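Undergrad: Spelled out, the chains give:
Number of protein chains: 2
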Amino acid sequence: MSASAYLHKAFLLAGKADPKKIRPNPFVGALVVSKDGQVLGEGYHEKAGEAHAEVIAINNALANGADLSTCSLYVTLEPCSHTGKTPPCTDLIIQHRISRVVIGSMDPNPLVSGANILKEKGISVEVLVLPEIVEMNETFNINQILKRPKYILKSAITLNGKIADSTGNSKWLSGSESREYVHRHLRTAADAILTSAKTVIKDNASMNIRIPGQDAEELNVIIFDRNLELLKKENHQLSIFYKRNKSVIYLITDKAETTEALPNVDIINIPINDGRFDLEILHKELILRNICQVLIEAGGSLNATMMEAKAVDEIFTFICPRILMDKAAINQFNSSQIQTMDNAVKLQLLDSMTIGEDILLRHKVVH
Amino acid sequence: MSASAYLHKAFLLAGKADPKKIRPNPFVGALVVSKDGQVLGEGYHEKAGEAHAEVIAINNALANGADLSTCSLYVTLEPCSHTGKTPPCTDLIIQHRISRVVIGSMDPNPLVSGANILKEKGISVEVLVLPEIVEMNETFNINQILKRPKYILKSAITLNGKIADSTGNSKWLSGSESREYVHRHLRTAADAILTSAKTVIKDNASMNIRIPGQDAEELNVIIFDRNLELLKKENHQLSIFYKRNKSVIYLITDKAETTEALPNVDIINIPINDGRFDLEILHKELILRNICQVLIEAGGSLNATMMEAKAVDEIFTFICPRILMDKAAINQFNSSQIQTMDNAVKLQLLDSMTIGEDILLRHKVVH
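Residue numbers (the working numbering), protein chains in the order written: chain A, 221 to 587; chain B, 221 to 587.
Bear in mind the hints are in silico, worked out from the structure with no lab data behind them. Values in this document were obtained by computation on a predicted structure and should not be read as measured data. Relax, there's no trap hidden among the hints.
Below 27 Å or equal to it, Euclidean Cα-Cα: the simulated DSSO-like pairs (lysine-lysine) are:
hint : chain 1 : residue 1 : chain 2 : residue 2
1    : B       : K547      : A       : K547
2    : B       : K418      : A       : K547
3    : A       : K547      : B       : K584
4    : A       : K530      : B       : K547
5    : B       : K566      : A       : K422
6    : B       : K530      : A       : K391
7    : B       : K530      : A       : K547
8    : B       : K422      : A       : K547
9    : A       : K566      : B       : K547
10   : A       : K584      : B       : K547
Restraint ranges, calculated between C-beta atoms of paired labels, are given here:
hint : chain 1 : residue 1 : chain 2 : residue 2 : range
11   : B       : S289      : A       : S396      : 53 to 59 Å
12   : A       : A225      : B       : K566      : 47 to 53 Å
13   : B       : T574      : A       : P330      : 36 to 42 Å
14   : A       : R582      : B       : K566      : 21 to 27 Å
15   : B       : N493      : A       : R430      : 48 to 54 Å
16   : B       : A436      : A       : P244      : 57 to 63 Å
17   : A       : S386      : B       : L482      : 43 to 49 Å
18   : A       : N493      : B       : I492      : 50 to 56 Å
19   : A       : R430      : B       : K566      : 24 to 30 Å
All C-beta atoms in this analysis are idealised placements derived from N, C-alpha and C, irrespective of residue type, glycine included.
Can you build the whole structure from these sequences, using the hints too?
TA: Following this line, the structure appears as structure tokens:
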């Protein structure tokens, strides 16, 4: 088997982890392979704070009686060289005198220089970057490099780009299969939904995860609510205030915290500059709360705010078989900040899929 | 082989015709099949004014020495019973005492009652409608039933439904592969392009067919030009006035014809009602000119006019990987006539295709 085949095997192993259990950590898989190509140990990172993939694979190989000094270690991500919640993996590799390490992607964190440290110790290090491995850790990479969550924007639009009629009514533009897809895939993968108090109130949205045949699941929600409308007594009956055991409503405001605290409500104070929340500060506050991936489900104004701040990484658009012809209908992006063809936001089409009568397009935003 | 298999074979035969050579006629294919299932004769309609498929198939079978009185005739469309440019096919079938006729689709023209006439003569008639056969003659059926051309609307839009920036610039929203698709498939299949003088002047569009590696081909163009702007001397140098040998520029106006006629320009006078051209009259004028299928390539206003008049049958939308965020950017449909979700135009998704970096969606308009 070739080096890339072993790395791909380690990649498949890495993918066994539940992304929400490992956050803020990356997916990592590792294999210990003997000189004659036998896999003697394997492991993947399964839970934040617990053993790294390399540790599990090495211990697995030792239990199988491997002589590590004659083995290669294949690992999907550059081994860590610093003490976090667990000791550095480089120490373990050096300690067991593993002769060769093949790395499937580099760690964007400058604190991690595992490859160099191993080389300095005379270990043969090969870096063979596989696109599927880099792709798998996109959220981790964005978190590390941009110091912010990965933001995914989801909209359902008419063929001609409207998300709702002029009264804000969008029921039901997308088909039931598309709505189920949002719950089953997009909400399930997100650490929180980002929306506005206006949307929460207008739609009386609960923003939880509802999949047919399963109990509803809680989900954190980040709500732009400058005037803390949701804390007003008349709004306490809204669906967003369902009984929460493990999720939080984050209210984003520039107002001083009120004394009227509600259970599971966390008020995050973000200053306003030029009439807009300082998103750089919001990004940091969310990372601090271990919110690594955010799904934006909002109206045209918040969608535009996030796009203009270059805080949208991917766009999922459900194109629904309807046309509204009304200049007052609500646009997917309610803004006039990007006006010319030359300045148009560039996207990269990642994939498309027919879902019921809708088409789902997935685009990457090219910043 | 089953009856539907023979009909499908006749359908494949029918599809060999060049649609532009048979217009305004439908695609028709026919097979003469012996009692023991041998195909003894076959034919398809190849050119308007020339022999019908049944005639060719029957003559082919006779040349092969068939005893037609023991044969079945499979024909994709109900045989004609009236004298047009050729005598009625029913006469020929009766004359040759064909015992059984299997018909793949009924003729929407009430003048055609071939099936009944054959039954009255004691011929066994089976009608087995195949969807692919009906679909193949959609243009013909629309022409017959609605007494107007089939209108296909084509747009290239940003993800969020804009066809151009506020200055009207749309170069180049769609990729070169998409533009080639328009020429190779949509323009090639159309009898004429429908557009406005504004678009022709602004884009200096020639509206012909340009396919890499081939000579440019002429194409009729129907131009809404109320004030006959294009007849003004300063516009005579526009690309639309390329040397035409076999195509015509139809100018739609409510103004009396000017004396300044230009070669290959046909001025069609259409009255204006409530500020809009009377499209019912336009439809008739186009059918009179044997224009059976029209491709709408226009701006947001003409697109909306045609939609509102229920004069769009299919929409081809190229969704391009760009976003414009500008309330003044030009919408695919520039109108405020269809305002609520309940009244939204309903579409049916026919198919989707990735073309370069764009996605092409094909929708049928559900009237």
